[in-house]
Amino acid sequence: MAYTLQFGQVTPYLWYMAGGAWIALQLAGIAFLFGWAIGLVFAAVSEYGRGPLRWAVRGYVIFILNTPLLVQIFFIYFALPDVGILLGSYEAVAIGMALNASAYLTEIQRAGFRSLRRQELDAAETIGFSRVQTIRYVVLPHIVKVLFPPLSNQYIILTMTTSIAAIFGVEELTGRAYNINAETFRSLEIFSIAALYYVVLTFVASTVLYWIGHYFFRVQGKVF
Amino acid sequence: MTQLVIDRLSAAYGATPVLQDVDLTVERGEIVSVIGPSGSGKSTLLRVLVGLLLPVAGTVTVAGHKVDYRSRRDLRAVRDRIAIVFQQYNLFQNMTALRNVTIAPTVVKRRAPAEVTAEAETLLAKVGLADKTKSYPDQLSGGQQQRVAIARALALKPEVLLLDEVTSALDPELVGEVLDTIRLLAREGMTMLIVSHEMGFVREVADRVLFMADGRVVEVGRPKQIFDEPQAARTRDFVSRILRH
Amino acid sequence: MDRLLEEIPRFFNYYNMIFIGQAFFYTTAMSFIGCTVGFAAGFGLAVMRHERIFRSLVLRLLAITYTEIFRRIPFLVKLMVVFFAFQLSGLEVSMFTVAVTTVALSAAAFASENVRAGLESVHDNQWDAAEAMNMGGLTALRRVVLPQSWPVIIPPSMTYSVGLVKSTSIASQIGVLELTYAAKVMTNKGFSAFLCYGTILVLYFVLCFSLNRFAAWLETRLDPTRHRPA
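Those protein sequences? They're chains A, B and C, same order as listed.
The letter at position 19 of the first sequence is residue 19 when you use the working numbering, and the numbering goes up by one with no holes.
The letter at position 237 of the second sequence is residue 1237 when you use the working numbering, and the numbering goes up by one with no holes.
The letter at position 5 of the third sequence is residue 2005 when you use the working numbering, and the numbering goes up by one with no holes.
Chain A extracted, bound-state conformation:
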């Protein structure tokens, strides 16, 4: 075999790739925030709503959960212009990821609502808590504790998912790996290093989120 692995040629690009990792984290953050907000509303509708509104939300969630993100973004990027909606690649990816994440975050937060136990609310009422106090001292701490691990997991999954943006020409971590590849042709080295970046990135995120959960919300569970 003539080819030998040469990581030396790739080292000048390590900073450039780190920049890509930063973009990946941001993209994941945007998708997470919007997905979380939409998911919160949709979870409430799923649990407490009724009629056509509820059916529409459930239909949306089930459809999104059962189709690939990549094809959803293709649809947004290539098909929506047919009906007059034109989006840049970064916007298309961000919107696609947020909408996709919103479905998962709906299901997660819905489970959070369900975990609220009737007894705890009754207990709060008998102590004489007002509605606001009940939410502040009983509902919120409980929900945060239950939701923190799955929400953290979702953020980490989103970080990995951002690599799809490269397919649309967004220059995040994977996109930058493609760029370097086009210049150096050190393909295996570059993509292995990109893989390593993701491993380290998610590992650090897991650890940080674990400690945040542990110290601030007294969460027991492991994060990703």
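Don't read these hints as lab results, they were simulated from the structure.
Check before you lean on any hint, since a few could be wrong.
Where chain C lies over chain B, by a calculated footprint (3+ residues, C-beta under 8 angstroms) [what the hints assert, rightly or not]: (1) 1079-1088; (2) 1100-1107.
In silico SDA-like cross-links for lysine to any residue, where the CA-CA straight-line distance does not exceed 25 angstroms [as the list claims (entries may be wrong)]: (3) B/K1157 to B/H1065; (4) B/K1134 to C/W2150; (5) A/K222 to C/I2069; (6) A/K145 to A/S206; (7) B/K1132 to B/E1173; (8) C/K2189 to A/L80; (9) B/K1157 to B/Y1069; (10) A/K222 to C/H2123; (11) B/K1066 to B/V1220; (12) B/K1134 to C/E2131; (13) A/K222 to C/L2061.
If we take Cβ atoms under 8 angstroms as the criterion, some of the chain B residues that face chain C in the derived model are [claimed, not checked]: (14) V1050; (15) L1052; (16) R1076; (17) F1092; (18) Q1093; (19) N1094; (20) L1156.
Treat the numbers as computed from the prediction; the structure is a model and nothing was measured.
Positions of the beta carbon are idealized from the N, C-alpha and C atoms, including for glycine.
Assemble chains B and C onto chain A, guided by the hints.
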């Protein structure tokens, strides 16, 4: 004839010593009861004997053969001779009562299934469960499960039976049926090492009683001696507290 | 809108249907083979790192390292690494094989986690009893522990497999003729993206939704609190 000799046996969980210099000789057909406060190493002693925990020092001699717990062959041999019944029954949840009893003889000892099944049915009848052979553990009461566990241990035809607090996990009204089963085995001359908190029962069936505390043997003697004229201060203290209940 | 309506009969003609049908088959085959091979490998990893079966620290570290690394790499990046690794190795393999390998590598990492969780869900006292009765580690695994672990292993593994079906759409990037690639080809032929991507979205939905329903059904059937058929 001497069945089991334990000589200066010590064991540890990590850095914490749990057994220290335990000595005990058990004659064939003898019933020795091990008592003591919780955490005194009683159960650990039994776990070491069947090789679930490696000893750090000392020797165990079974029927004249010194056991090397690091040797697979010795481990197999000692488990052939010594069977254990656990506090939590540890029945295989995915198997019927009958299968629980037949699995080791057929799968481990590779004996003929028909013969083993016939024996197992006899054993289950002996512990009073002839009509429960097809039940799964979660369909049986605690007392019934523990009797299946005893039948399962007997199916291995052990020379020594170790009973690890076999009534501790049971509701009070179910204790009697399990103790009756053990009395039956006692009458048949089974060599047994019984860890128990049922002092009345210990007094009745045991030939000798071993009192342990902090991983050490404090006192050994006839039941009458241990319960009525304990020598060591710790034994006196323990016995008086137990009997006051 | 009118243009779309006019396109529909042309789009759903015999040859296009065969073409999309084939793509559907490749998506399914890629997922199925990849998940099956990956599950088997992941199962092996979980057994390797289990302390009641093997007592080798080296094996355990290997298994943990593999699992921790491979579940943290995005599918696309893994696909590229596998693609270039095959290319450099000089082995002449099809793009389909590259994609299946990637699916299997991903499935192995997650199956290993699921199987580990399943084995750990069985109480230690089952191992104690088996060991005290002279059952070897693998015998105890097969006869005692595994039969009790399946209800914990299978549902999340099924859910994850559905996730991988969706990930196979990324294999379109290296030109595997699966559903997403088929949609690309059809748009290049001049059909509207709306129709092409809309159609395959529906096909993915049918596939994934039925698999998820099946997983949910299995979960209730395997529920340990339900009484087993005697």
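Does C/L2061 lie within 25 angstroms of A/K222 when you go C-alpha to C-alpha? holds, 19 angstroms
Worksheet item: Given the hint that B/K1134 pairs with C/W2150, does the C-alpha gap stay at or below 25 angstroms?
Response: holds, 22 angstroms
May I ask you to test the interface hint for B/L1156 with respect to chain C, counting a Cβ-Cβ separation under 8 angstroms as satisfied? holds, 7 angstroms
Given the hint that A/K222 pairs with C/H2123, test it: the Cα-Cα distance must not exceed 25 angstroms. holds, 20 angstroms
inquiry  = Check whether the Cα positions of B/K1134 and C/E2131 lie no farther apart than 25 angstroms.
reply    = holds, 24 angstroms
B/N1094 as an interface hint toward chain C, with CB separation required under 8 angstroms
Where the cut-off is 8 angstroms and the nearest Cβ of chain C is about 4 angstroms from B/N1094, the hint holds.
Close enough to count: is the Cβ of B/L1052 nearer than 8 angstroms to one in chain C?
-> Holds - the Cβ of B/L1052 comes within 8 angstroms of chain C, reaching about 6 angstroms at its closest.
(Q) Cut-off 8 angstroms, C-beta pairs, minimum 3 residues; does the coverage of the segment 1100-1107 of chain B by chain C stand? (A) Result for this restraint: holds, n = 3.
Taking the closest Cβ pair, is B/Q1093 under 8 angstroms from chain C?
Holds, because the Cβ-Cβ distance from B/Q1093 to chain C comes to roughly 6 angstroms (cut-off 8 angstroms).
Hint check, B/R1076 versus chain C [nearest Cβ-Cβ separation less than 8 angstroms] = Given a least distance of 6 angstroms, the restraint on B/R1076 holds.
Between C/K2189 and A/L80, does the CA-CA distance stay at or below 25 angstroms?
holds, 18 angstroms
With the threshold set at 25 angstroms, check whether the alpha-carbon distance from B/K1066 to B/V1220 stays at or below it.
With Cα atoms ~23 angstroms apart, B/K1066 and B/V1220 stay inside 25 angstroms; holds.
In summary, this structure violates none of the numbered hints.
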